[in-house]
Amino acid sequence: MTATLRLIDAYAQMALMRAFEEAVGAGSARGEIHGEMHLAIGQEAIAAGVAPLLDRDDAVISTHRPHLHALIAGVDAVALLGELWERADGICRGKGGHMHLFEPGRRFMCTGIVGASLPIALGYAFERSLRAPGTVALAVMGDGAANHGTFAESLNLAALWDLPVVFLCEGNGYAISVTRETAAAGDIHRRGEAYGIPGYHCDGTDPIAVFEAASPAFERARSGLGPALVVATAYRFRGHYEGDIDHYRSPAERDRAISQRDPLVNARRRLLEAGIADHELERLDSEAAQRVNGWVAQVQAMPWPSAEQATLGVFT
Amino acid sequence: MTQTPAIRNMSQMIALTIAEAMEADERIVVIGEDVGRMGGVFGATRGLQRRFGESRVRDTPISEQTFIGAAVGMAQAGLRPIVELMFIDFLGTCLDQVANQMAKNHYMSGGRVRVPLVLRSAVGCIGDAAQHSQVLTGTLAHLPGLKIAFPSSPGDARGLLVSAIASDDPVVFLEHKQLLMATIEELRYSGDPQSDRLPFRANIVRPGTDVTVVASGWMVQLAGRAADMLATEGVECEVLDLRTIVPLDDEAIVASVSKTGRLLVVDEDYRSFGLSGEIVARVAEAATCRSVSVARHCMPDVPIPASKPLEDAVIPSADSIAAAVRRMIYP
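Quick note, the sequences are listed as chains A and B, same order. Note that the numbering used here has the first sequence beginning at 1, numbered continuously upward. Note that the numbering used here has the second sequence beginning at 1001, numbered continuously upward.
Keep in mind that the hints are not guaranteed to be accurate.
Said to hold, decoys possible - Chain A regions said to be covered by chain B (calculated; three or more residues, Cβ under 8 Å):
#: 1; region: 126–134
#: 2; region: 250–264
#: 3; region: 308–316
Stated by the list, open to error - If you want the footprint, here are the derived chain A segments under chain B, 3+ residues with CB under 8 Å:
#: 4; region: 81–95
#: 5; region: 102–108
Worth flagging that the hints you see were computed from the coordinates, not collected in a lab. In this text, all values refer to a predicted model and were calculated from it rather than measured experimentally. We put the CB at the ideal spot given by N, CA and C, even for glycine.
Between the sequences and the hints, there should be enough to build the whole structure, so can you do that?
The following block contains the structure:
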């Protein structure tokens, strides 16, 4: 069955993602989440564009900015928020937190170490190729990780072993404060050429563009032809972490990006031009907010893990 | 156990043990540098690729961070990989995947993810100097989440490897280079070749009354030789083989030292901030060891030198171990 993506469906999903991230940011600001928090506000179109291409049995291995990938992998939103809120009923029972999320039932995990997601994704892809041919592993990274040793090693090994990996580079142009231009020589999407890995470059603020760029990448990996690399460029609306005063980016640059490159604003404009009623989009926005607020209320009532759990569970 | 060829050394024992495990469980795959076509630089995976094919036994590029990270992913995805880090000295090339992923993912997931892999690695000094001779048990043991098995003989290697493969925890399986290559006849202790699934507990290889000599790996063989020498002088050593660094069998150590009153830790790893200090600390904390005497005979805190007389000056030997015991008995 060929996947399709309608812009209205992408909008609905991005609205939910935006509401989700904003609610997590608010929880962090209120001190309900006590560790460093990395939100993907502004980058929603990338996950929304890839979502229809994922099969239930695919693996998704993400980074320190993981929430949207968890959602498209099918991780339960309440249990996910429970983990972010550090509660006992979170997906990791409060042990992992925001950067170390695991949902084995959806083959989803993330890691706080830049570049570490890639080798692990190769391992899932290896298992998938042996036991479930036709499924893939989505290896998520940022443009900063493109310069890590694991990127070159993972491209090489995935190509050698024809692993069904889709490398998805969410290029928001910054590794904390260091720009892509300062850190990466050449074009990231072309780095696979040396290994025979096709690269697809797209506007990561347009979910349809992401979908169209990623489709052949997924098809190639699913068919057993080996890995593919997708680079989707977007803008990170917030600082690297919540509370980052972001002084290394000019307010003018940020304001321009936020006004011109907001995936929701741009999708909204296109939908209105296509004849969708404004109140319909308002309804999607308010539904998203209501759902997320309901989830957060559930999570705020969840119990905390008990102290003795801290020293248990190192070994099976 | 089915009909087997005669086992001459630990490397053959390991290859046989892995083959039996792979025959019984198709989820087991073997990956690493030179493990397939060559059968391992010490022969410890000889014959596996011929028997089980290139899909299950794979040579990797020199990309430790990535193929060891891939092994973590494979294990989490439901396979049971046996991955080799050729020499433990290469730990720096893959430490993130070992320390931050392999060791921690089970805990961080609230127990929902398991990492049932074996990380095999060759350790110990055979003359290859500072970057190819280390043991690093202290470094590995310090990082929570890794079990560490360190057999002292071919028979123990079999039993500990069976247990390591069966374990759902990540187990670092250390293969001392001297043991990989020495024939069984050359060894003071050869272990039980029929051993099956040894528990991760210490083993008293030689009971005694005058001093507890705690050792692991090749040092157990040397401690045994030292004990033989000392027995002719009327000193009876109890040689305690740790078998596993993690879990550390402090119960067995404390019981032995409570009996003998003297603890000598023999360790081929660096003296400071490591395993030998940990063992002394556990004994110091024990109520039944209030008035024991303790000593450590270890590699000093220096990079391992190349020239033979320099190497001999830093690596413990049977003679130097015996001398260390005598310093405790005749102060």
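Each hint, compared with the structure:
Residues of the region 126–134 of chain A lying with their CB closer than 8 Å to a CB of chain B number 5, which satisfies the three-residue condition for coverage. With 0 residues bearing a CB less than 8 Å from a CB of chain B, the region 250–264 of chain A misses the requirement of three and the coverage assertion fails. Under the rule that three or more residues need a Cβ within less than 8 Å of chain B, the assignment of the region 308–316 of chain A holds, with 4 such residues. Check on the region 81–95 of chain A: 6 of its residues sit with their Cβ under 8 Å from a Cβ of chain B, so the three-residue criterion for coverage holds.
Coverage of the region 102–108 of chain A by chain B holds [criterion: at least 3 residues with CB-CB distance below 8 Å; count 4].
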